[in-house]
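Novice: Residue numbers (the working numbering), protein chains in the order written: chain A, 1 to 140; chain B, 1 to 152.
Worth flagging that the hints you see were computed from the coordinates, not collected in a lab. A quick note: this is a predicted structure, and the numbers were derived from the prediction, not measured. Keep in mind that the hints are not guaranteed to be accurate.
Examples of chain A residues toward chain B, derived with CB under 10 angstroms [stated by the list, open to error]: (1) 2; (2) 6; (3) 7; (4) 69; (5) 74; (6) 83; (7) 86; (8) 136; (9) 140.
In silico lysine-lysine, BS3-like type, Cα no more than 27 angstroms apart, as pairs [unchecked claim]: (10) A/103 with B/31; (11) B/91 with B/22; (12) B/31 with A/4; (13) B/132 with B/12; (14) B/31 with A/126; (15) A/6 with B/45; (16) B/135 with A/4; (17) B/44 with A/6; (18) A/110 with B/132; (19) B/91 with A/110; (20) A/4 with B/45; (21) A/4 with A/18; (22) B/12 with A/114; (23) A/103 with B/91; (24) A/4 with B/12; (25) B/132 with A/6; (26) A/107 with B/91; (27) A/110 with B/22; (28) B/15 with A/114; (29) A/110 with B/45; (30) B/44 with B/135.
Restraint-style ranges between C-beta atoms, simulated for each label pair [said to hold, decoys possible]: (31) B/134 with A/108: 18 to 24 angstroms; (32) A/14 with B/35: 22 to 28 angstroms; (33) B/100 with A/14: 33 to 39 angstroms; (34) B/132 with A/109: 22 to 28 angstroms; (35) B/66 with A/18: 39 to 45 angstroms; (36) A/112 with B/118: 41 to 47 angstroms; (37) A/13 with B/134: 33 to 39 angstroms.
Beta carbons: idealized from backbone N, C-alpha and C, even for Gly.
Residue-level listing of the chains:
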Amino acid sequence: MAAKLKFDSVKVGDEIPKLVIQGVTRPDFVRYAGASGDFVPLHYDQTFVEAAGIPTVFAQGMFTAGLLSKAVTDYVGIGNVRRFQVRFATRVWPGDVVTCTGKVTGKVEKDGEKQIEGDLIVLNQKGEPAIRGSFRAACA
Amino acid sequence: MADKSAIGKTGKPFKMHVDWSKVREFARAIKDPNPIYFDAELAKKEVGGIPVPVTFLQTSAFWTDETSSPGFGGFDIRRILHGEQEFEFFKPIYVGDTLTGVSKIADVFEKEGGRGGKMTFLVSETEYTNQKGEKVATARATLIETGQAVKA
């Protein structure tokens, strides 16, 4: 839940356990809109997106980033993330299977803490990156 | 077209109350059933209070208005994409905290893009302090203005 990773037991190259979401849905986007306050209609209004020439609604980038953040906190424990960064690549569509994962790239001492750094990625079912990101987290 | 003169422009400070029902709603929205967001006693024991999800500061949208925004540096908002987002955390944020956020335009720069021609980037940075005056977090959003309307 919130337990820190043991710094000495983490190795550069260690993989973050994969988090797979079997098909994101339009209701997921609606729920995220309400939770976050991001009411850009591209993410829930079919009439609006069709008028804009887009086939259907797609996920808020920050919804997908939220799924990715769970993969990170499942690994490092809630309360231990010191930095989390995401860059958006391809869009995530209803029905997409989303896989969140990452890798430890470094071990550092920062602000009097033992910390690990890593790269993050979210892939769709075609293997295309939806997000590339990075993180830093405190360890015990 | 944004220009460099927008750098440093600052919005009015805004308050943000960290509310438990909003934290629970947000945790559900990102499909995180971790009991630490839902069980106050457990949270207190584990991390000293009910924590917030990593990207929870996005909900500042409920607390800001035109006056707290530093603006978009003259960007055409019909051509804006959210390119990148970053959060740095310095102290824990708990349910019950009252945060004060101040947003500023931290950078404006240009790059040649692929699909949309020349792209201008705007980095909007929000610093959060808690009710004790401690700096708790910085949120950094990179917005992209494409040279032409973005195609689906």
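Novice: Could you work out which of the previously given hints the structure breaks and list their numbers from low to high?
Specialist: 2, 3, 9, 22, 24, 25, 27 and 28
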